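Construct all of the structure, not just a fragment, from the sequences and the given hints.
There are 2 protein chains.
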Amino acid sequence: MISKQELKFIKSLHSKKHRTEAGLFLVEGEKSLAEVLQSSWEVKMVLATTEFLHHYIDSKNKSKTKIFEADTELLRKTGSLSSNDAGLAVVRIPDTDNYYEPANRLVLAVENIRDPGNLGTLLRIADWYGIKELLLSKESADIFNPKVIQSSMGSFLRVKVFYCDLKETFRKKKIPLFGTFTAGDNIYNASLPSRGYILLGNESQGISNELSALVDRRLSIPKFGKAESLNVAVAAAVVLDNFKRK
Amino acid sequence: MISKQELKFIKSLHSKKHRTEAGLFLVEGEKSLAEVLQSSWEVKMVLATTEFLHHYIDSKNKSKTKIFEADTELLRKTGSLSSNDAGLAVVRIPDTDNYYEPANRLVLAVENIRDPGNLGTLLRIADWYGIKELLLSKESADIFNPKVIQSSMGSFLRVKVFYCDLKETFRKKKIPLFGTFTAGDNIYNASLPSRGYILLGNESQGISNELSALVDRRLSIPKFGKAESLNVAVAAAVVLDNFKRK
Numbered sequence: 000m001i002s003k004q005e006l007k008f009i010k011s012l013h014s015k016k017h018r019t020e021a022g023l024f025l026v027e028g029e030k031s032l033a034e035v036l037q038s039s040w041e042v043k044m045v046l047a048t049t050e051f052l053h054h055y056i057d058s059k060n061k062s063k064t065k066i067f068e069a070d071t072e073l074l075r076k077t078g079s080l081s082s083n084d085a086g087l088a089v090v091r092i093p094d095t096d097n098y099y100e101p102a103n104r105l106v107l108a109v110e111n112i113r114d115p116g117n118l119g120t121l122l123r124i125a126d127w128y129g130i131k132e133l134l135l136s137k138e139s140a141d142i143f144n145p146k147v148i149q150s151s152m153g154s155f156l157r158v159k160v161f162y163c164d165l166k167e168t169f170r171k172k173k174i175p176l177f178g179t180f181t182a183g184d185n186i187y188n189a190s191l192p193s194r195g196y197i198l199l200g201n202e203s204q205g206i207s208n209e210l211s212a213l214v215d216r217r218l219s220i221p222k223f224g225k226a227e228s229l230n231v232a233v234a235a236a237v238v239l240d241n242f243k244r245k
Numbered sequence: 000m001i002s003k004q005e006l007k008f009i010k011s012l013h014s015k016k017h018r019t020e021a022g023l024f025l026v027e028g029e030k031s032l033a034e035v036l037q038s039s040w041e042v043k044m045v046l047a048t049t050e051f052l053h054h055y056i057d058s059k060n061k062s063k064t065k066i067f068e069a070d071t072e073l074l075r076k077t078g079s080l081s082s083n084d085a086g087l088a089v090v091r092i093p094d095t096d097n098y099y100e101p102a103n104r105l106v107l108a109v110e111n112i113r114d115p116g117n118l119g120t121l122l123r124i125a126d127w128y129g130i131k132e133l134l135l136s137k138e139s140a141d142i143f144n145p146k147v148i149q150s151s152m153g154s155f156l157r158v159k160v161f162y163c164d165l166k167e168t169f170r171k172k173k174i175p176l177f178g179t180f181t182a183g184d185n186i187y188n189a190s191l192p193s194r195g196y197i198l199l200g201n202e203s204q205g206i207s208n209e210l211s212a213l214v215d216r217r218l219s220i221p222k223f224g225k226a227e228s229l230n231v232a233v234a235a236a237v238v239l240d241n242f243k244r245k
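One line per chain: the protein sequences are A and B, in this order.
Using numbering that gives the first Met the number 0, the first residue of the first sequence is number 0, and each one after it goes up by one.
Using numbering that gives the first Met the number 0, the first residue of the second sequence is number 0, and each one after it goes up by one.
Check the hints yourself; a few may be wrong.
It does not matter which identical chain is used: a pair holds within one copy or between any two.
To be verified - The calculated EDC-like cross-link candidates involving lysine to aspartate or glutamate, where the alpha carbons are at most 20 Å apart (straight line), are:
id	residue 1	residue 2
1	131	34
2	222	132
3	10	68
4	63	34
5	43	184
6	222	34
7	43	94
8	159	227
9	166	215
10	245	184
11	146	114
12	173	68
13	225	29
14	225	34
15	243	184
16	76	50
17	243	167
18	243	227
If you're looking for bench data, these hints aren't it; they were derived computationally from the structure.
These numbers were taken from a predicted model, which means no experiment stands behind them.
If you want it as structure tokens, here you go:
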């Protein structure tokens, strides 16, 4: 049986400070958990229902991962979800020097995204559209926040996130920088290449003046009704769909 | 000063049961609040910061609405937001016979949407794309849930929501029914008219067999990467963008 100390440790991973200290984060819910178990990421511990363990844990996993059975009540108390009928895992944050090697394809960038749910949804969208790199300004939400991991539905395993100085990165760019603005060229008529940075602003302020100055082409999603704006993740999906459909 | 009893009453509106009994719901946050005050909806009470009241309340409002000053701490305790530096309003749920008069334009329909945040985002997207009606199956989330109102960013005022028996509605349809599926016609190449129902399934199960049988044309959003699916609101945005871009 899992000890009280171990449960306390798992709970501590809800906070960024403890995740950074331990170099570990939480993965919760059936889909994400199943995906991380099949990946090459190091899973230190699994706490899951009998049913989940029966379906997803094979002997290969058993040798390297601490495994505990838990009921849904213990999962709810220990994890961050209001209900969890599968399980949770403690996973090692991959070693990375966080150096972004400029890519010659479509790269998504967001300035100052704050909401973990939006960031997770953004990862899922990037993954759907085959985007491999997401650049975030340094003050953005933490990619290993349980809400990000949960709403990414496993896509955190496939989209590499870099926290970087976007200004520095774009100054040295060799591919064009597209920015989304309220007043820009209609994205339906624009010529959209297969390489370039696609930059979105944050939920309330849009793209800063500092970064706007570096944008090569301003794009807008046409509006047919009266909403003032689209959520940042939704805007990313529509923009990527327009880039990729060509 | 507002009484304890009135504060207790406001808090009771977090629950659907009490909203239905009282015929009232909560609107929170600066943007939504500003919009509802400018609308023709009946605002019974406003609880807001001095600054908000100074900016948004004119003498016209004062005559028909109970107005109280509140600090951010009282707003946080009374409302559903983790932080609120503007205010909240108690608003009358509009009288409606919930009868959907079949429209001869694009109408959005979702089967069994459960997550209030997704539903609010969906309203905002529908509003962006000029959709006037959203049909929801009866077991869907409540449109007057504070989280729906909050994430709709004021769009609940413009998109009319009908809870209806989707099967009955589609049986009597005079415009085509488009459904989104994993395996359907590529939406980029499909001929998409300016009238029809666009049906999306819920977050985890997609469209039921019962409703699938009534679909005239199955559409798919092309996938370029590895995410299993898109969130229902995100999928709605991409589909609407494809319908409207023609």
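Hint by hint, here is what the structure shows:
Within a single copy, residue 131 and residue 34 get their C-alpha atoms as close as 17 Å, which meets the 20 Å cut-off; across copies the closest is 39 Å, which misses it. With identical chains, the CA atoms of residue 222 and residue 132 are at most 20 Å apart between copies only, with a shortest distance of 17 Å across copies and 28 Å within one. Only within a single protomer do residue 10 and residue 68 lie at most 20 Å apart by alpha-carbon distance; the minimum there is 17 Å, versus 39 Å between protomers. Within a single copy, residue 63 and residue 34 get their C-alpha atoms as close as 17 Å, which meets the 20 Å cut-off; across copies the closest is 56 Å, which misses it.
Taking the closest pair of Cα atoms, residue 43 and residue 184 never come within 20 Å of each other, the shortest separation being 49 Å inside a single copy and 43 Å across copies. Proximity of residue 222 to residue 34 under the C-alpha cut-off of 20 Å is restricted to the inter-copy arrangement: shortest distance 19 Å between copies versus 37 Å within a copy. For a Cα distance limit of 20 Å, the shortest separation of residue 43 from residue 94 inside one copy, 15 Å, qualifies, whereas the shortest one across copies, 56 Å, does not. For the homomeric pair residue 159 and residue 227, the shortest alpha-carbon distance between copies (17 Å) is at most 20 Å, but the shortest distance inside one copy (31 Å) is not.
Taking identical chains as interchangeable, the C-alpha atoms of residue 166 and residue 215 lie at most 20 Å apart only when both belong to the same chain, with a minimum of 13 Å there against 49 Å between chains. In this homomeric assembly, residue 245 and residue 184 come within 20 Å of each other (Cα to Cα) both inside a single copy, at 17 Å, and across copies, at 17 Å. In this assembly of identical chains, the alpha carbons of residue 146 and residue 114 lie at most 20 Å apart whether taken from the same copy (9 Å) or from different copies (15 Å). Within a single copy, residue 173 and residue 68 get their C-alpha atoms no closer than 51 Å, and across copies no closer than 54 Å, so neither meets the 20 Å cut-off.
In the homo-oligomer, the alpha carbons of residue 225 and residue 29 lie at most 20 Å apart only across protomers (17 Å), although the nearest pairing inside one protomer, at 38 Å, exceeds that limit. In this homomeric assembly, residue 225 and residue 34 come within 20 Å of each other (Cα to Cα) only across copies, at 12 Å, whereas the closest approach inside a single copy is 40 Å. In this assembly of identical chains, the alpha carbons of residue 243 and residue 184 lie at most 20 Å apart whether taken from the same copy (17 Å) or from different copies (17 Å). Only within a single protomer do residue 76 and residue 50 lie at most 20 Å apart by alpha-carbon distance; the minimum there is 19 Å, versus 40 Å between protomers.
For the homomeric pair residue 243 and residue 167, neither the shortest alpha-carbon distance inside one copy (27 Å) nor that between copies (37 Å) is at most 20 Å. For the homomeric pair residue 243 and residue 227, the shortest alpha-carbon distance between copies (18 Å) is at most 20 Å, but the shortest distance inside one copy (25 Å) is not.
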